[in-house]
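**Q** Below, each chain spelled out in residue letters.
2 protein chains.
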Amino acid sequence: MGDVKLFWTWSSPYAQRIVWALKLKGVEYEIMYEDLTNKSSLLFKYNPIHKQVPVLVHNGTPICESLVILEYIDETWKTGAPLLPEDPLARAKARFWAKFNDEQVLPSLKHAYLSHGLEQEKAKGHALNNLDVVEKQLTGKKFFSGETIGFLDIVFGWIAIYLEILEETSGMEPLDKERFPFISAWKENFSDNTFFKEDRPDKEKLITMYKGVREYFRCTAAAK
Amino acid sequence: MGDVKLFWTWSSPYAQRIVWALKLKGVEYEIMYEDLTNKSSLLFKYNPIHKQVPVLVHNGTPICESLVILEYIDETWKTGAPLLPEDPLARAKARFWAKFNDEQVLPSLKHAYLSHGLEQEKAKGHALNNLDVVEKQLTGKKFFSGETIGFLDIVFGWIAIYLEILEETSGMEPLDKERFPFISAWKENFSDNTFFKEDRPDKEKLITMYKGVREYFRCTAAAK
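Heads up: the protein sequence lines correspond to chains B and H, in order.
So the first sequence is numbered by full-length UniProt numbering: it starts at 1 and just counts up by one.
So the second sequence is numbered by full-length UniProt numbering: it starts at 1 and just counts up by one.
Please note that a few of the clues may not be correct.
No distinction is drawn between identical chains; accordingly, a pair holds when it is met within one copy or between any pair of copies.
Once the Cα atoms are required to be at most 30 Å apart in a straight line, the calculated DSS-like pairs of lysine-lysine come out as [to be verified]:
{"#": "1", "residue 1": "Lys25", "residue 2": "Lys124"}
{"#": "2", "residue 1": "Lys187", "residue 2": "Lys39"}
{"#": "3", "residue 1": "Lys51", "residue 2": "Lys142"}
{"#": "4", "residue 1": "Lys39", "residue 2": "Lys99"}
{"#": "5", "residue 1": "Lys136", "residue 2": "Lys99"}
FYI, nobody ran anything at the bench for these hints, they're computed from the structure.
Please model the complete structure; the sequences and the hints are all you need to start from.
**A** The following block contains the structure:
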């Protein structure tokens, strides 16, 4: 398997994806913990463009961007179940929805969490509309591609951890189980796995951090 | 090869990519011309999320997002040379730089083209810094992956058409051949191909359109 190092931090939903994928593939790896307020010179060396986690370093060569890393893991280690399906059309669909998550769903929830008042109301509406689209993709299914966990479950996996953190720290209502029955059930199904439970970041610690970030953004906006 | 339709418009750099890829693979296709000021109901049906070109419809099933379509084409038609390399590490690098183009290089040039005065000066500096990164990737090479055209040449191919259009319509200086010798040479190498020449959009028509778009954005910004 070679030497596998993961530059990671405990609070990053993007870094968390890589831990899940490596565990599903049974790949042994070493965690290189990054303090995002004081990044290491190695992180700057391995990811000079974005200077962000996650970075997977395989036998000394860095791979950056979480979606790119997920495909690399899937193509490199054939242990465990494949993350992406084999059929080109199913692969294209998975890549399309992964992009939709990273460019639309996750940013819209982040905006709703960081905003206030009327702006937050509008942002919440937009975020919930995006979740409606996700709900439609999950309708009638246990996981995104059917009965087993795959690429899209890992990509959307942040929902199972961070959605309630965003809700609790910004006064958004909890996910409505009547409007989102399949996302609600999927959250349970996804969370009920050893790889997920083993590495779940501490809820109270996340709440403390996310409250702080929201407060910081409110003060920064007020100072402008 | 089945029935292949491409929802396309003459002025879109993203749609142009798909034409190049299909030609390189020798895939026969039918162009479904979209007037972006009056989109067809079929486009809304096939791309309900983004309502944009390009959409590739293969045997009645739509595939959206140009990078996703490129990978679909590469995985579906094994005619012609592969677009992506075989090695997982080389594939990861190609995907990383494609994302960098779509999220950084292209948007930064677009911003420089649409802005004015001091804001444009700042935006130009940012765009040129991004092109420095691209120059470094091309250094010592004819094409992005070496001697033959591949995935990244198609992704960055817009530079060979649109860079001079953006420059001419917004008063930016032409690409400095001393600062960007390899991008300059690559532009010539990429343009010197039948698939490129056959489908090159009319320069005067592009200039007319891009001047109009810049003027529209200036008026909209002034009215705010």
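**Q** Evaluate each hint against the coordinates.
**A** Here is what the structure says about each hint:
| no. | hint | verdict |
| --- | --- | --- |
| 1 | Lys25 - Lys124 | neither (36 Å within a copy, 44 Å between copies) |
| 2 | Lys187 - Lys39 | neither (32 Å within a copy, 38 Å between copies) |
| 3 | Lys51 - Lys142 | between (36 Å within a copy, 29 Å between copies) |
| 4 | Lys39 - Lys99 | both (27 Å within a copy, 23 Å between copies) |
| 5 | Lys136 - Lys99 | both (16 Å within a copy, 27 Å between copies) |
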